[in-house]
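> One letter stands for each residue in the lines below.
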Amino acid sequence: MKTRKTVDTQTPAGADLPESDAMGRPLNPRKTEMRLGREAQARIGQQLRAMYEAVVNEGVPPHISELVRRLSEQDNGAE
Amino acid sequence: MKLDPAIRDQVLGAVPSLRAFAISLCGNIDRADDLVQETLLRALAHIDSFEPGTNMPAWLFTILRNLFRSEYRKRRREVEDADGRYAETLKSHPEQTGRVEFSEFRAALAKLPPDQREALILVGASGFSYEDAAAICGCAVGTIKSRVNRARTRLADLLAIDSVDDFGPDRATRAVLAGGGRS
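These protein sequence lines are chains H and A, in that order. Numbering-wise (the working numbering), the first sequence opens with residue 1 and increments by one. Numbering-wise (the working numbering), the second sequence opens with residue 1001 and increments by one.
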């Protein structure tokens, strides 16, 4: 007797299905159309932050820090 | 009167994130650096209008965002298909957009309407609250929330992130996962 769970193909449509299987794959396409899954949101957030952080980690370019230092030494009141 | 060093350091401290925001907005490093420089020139010329103790990054982001918007509107008058040209720039010069491994993601980001793009970056990457993002963009908090949601949904669509067939990690995702443990 096997105890391993198998995909139940007999469940009628409209039954209380989980939103995704163990791999995070959406089981109910209609639901994911309406609301973005947590998995997808997490992946987008991850890519967005990684892209952003890559630039943040470059720090302050020398010409920018030079500019800020120069401007902050000037008499403010001109312009 | 010279600038208070504490204020100067606050300005410098915001620069890395300000650059990342600028590059995400316009997709081109040269344009982004011009935008950052012009933002800093304006900010320091009008530093008296900054209230000490308030949010320096938000103040600088607001200036940069407004500069970008006025430039964008100008370009739009000049070139009808501003977004299309922007996407072309990304395609022909991927090395100009920062890290090459994010070119696919940047290309998708470039296809979003500017309102949605800036809202998503401010909240999802810069780490501003919905309230701060709303103040930076000069709109209601609810508007920011709905823009962020629409941006996420559209990006998922463009990157085919929800598709079952495409679930296996692609190159871009592997790069992200490999380098993602830093923050």
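Simulated from the structure, these hints should not be mistaken for lab results. It is possible that part of the hints are untrue.
As the list claims (entries may be wrong) - Stretch by stretch, here's where chain A covers chain H in the computed footprint (C-beta under 8 Å, at least three residues):
1) 42-50
2) 54-60
What the hints assert, rightly or not - Facing chain A, according to a computed beta carbon distance under 7 Å, are these residues of chain H, among others:
3) I64
4) V68
5) L71
6) S72
What the hints assert, rightly or not - What follows is a set of in silico ranges between Cβ atoms, one per label pair, in the way DEER data are often shown:
7) A1160/A <-> E73/H: 23 to 33 Å
8) D1004/A <-> G59/H: 15 to 25 Å
9) G59/H <-> D1157/A: 28 to 38 Å
10) E73/H <-> S1146/A: 25 to 35 Å
11) G1053/A <-> R69/H: 36 to 46 Å
12) E58/H <-> I1007/A: 15 to 25 Å
13) A42/H <-> G1142/A: 48 to 58 Å
Ideal placement from N, C-alpha and C gives every residue a C-beta, glycine not left out.
> For each hint, tell me whether it holds in the structure or not.
Quick rundown of the hints versus the structure:
{"no.": "1", "hint": "42-50", "in the structure": "holds (count 8)"}
{"no.": "2", "hint": "54-60", "in the structure": "holds (count 7)"}
{"no.": "3", "hint": "I64", "in the structure": "holds, 6 Å"}
{"no.": "4", "hint": "V68", "in the structure": "holds, 6 Å"}
{"no.": "5", "hint": "L71", "in the structure": "holds, 5 Å"}
{"no.": "6", "hint": "S72", "in the structure": "holds, 4 Å"}
{"no.": "7", "hint": "A1160/A <-> E73/H: 23 to 33 Å", "in the structure": "violated, 52 Å"}
{"no.": "8", "hint": "D1004/A <-> G59/H: 15 to 25 Å", "in the structure": "holds, 22 Å"}
{"no.": "9", "hint": "G59/H <-> D1157/A: 28 to 38 Å", "in the structure": "holds, 34 Å"}
{"no.": "10", "hint": "E73/H <-> S1146/A: 25 to 35 Å", "in the structure": "violated, 45 Å"}
{"no.": "11", "hint": "G1053/A <-> R69/H: 36 to 46 Å", "in the structure": "violated, 23 Å"}
{"no.": "12", "hint": "E58/H <-> I1007/A: 15 to 25 Å", "in the structure": "holds, 23 Å"}
{"no.": "13", "hint": "A42/H <-> G1142/A: 48 to 58 Å", "in the structure": "violated, 24 Å"}
Comparing the model with each numbered hint stated earlier shows that hints 7, 10, 11, 13 do not hold.
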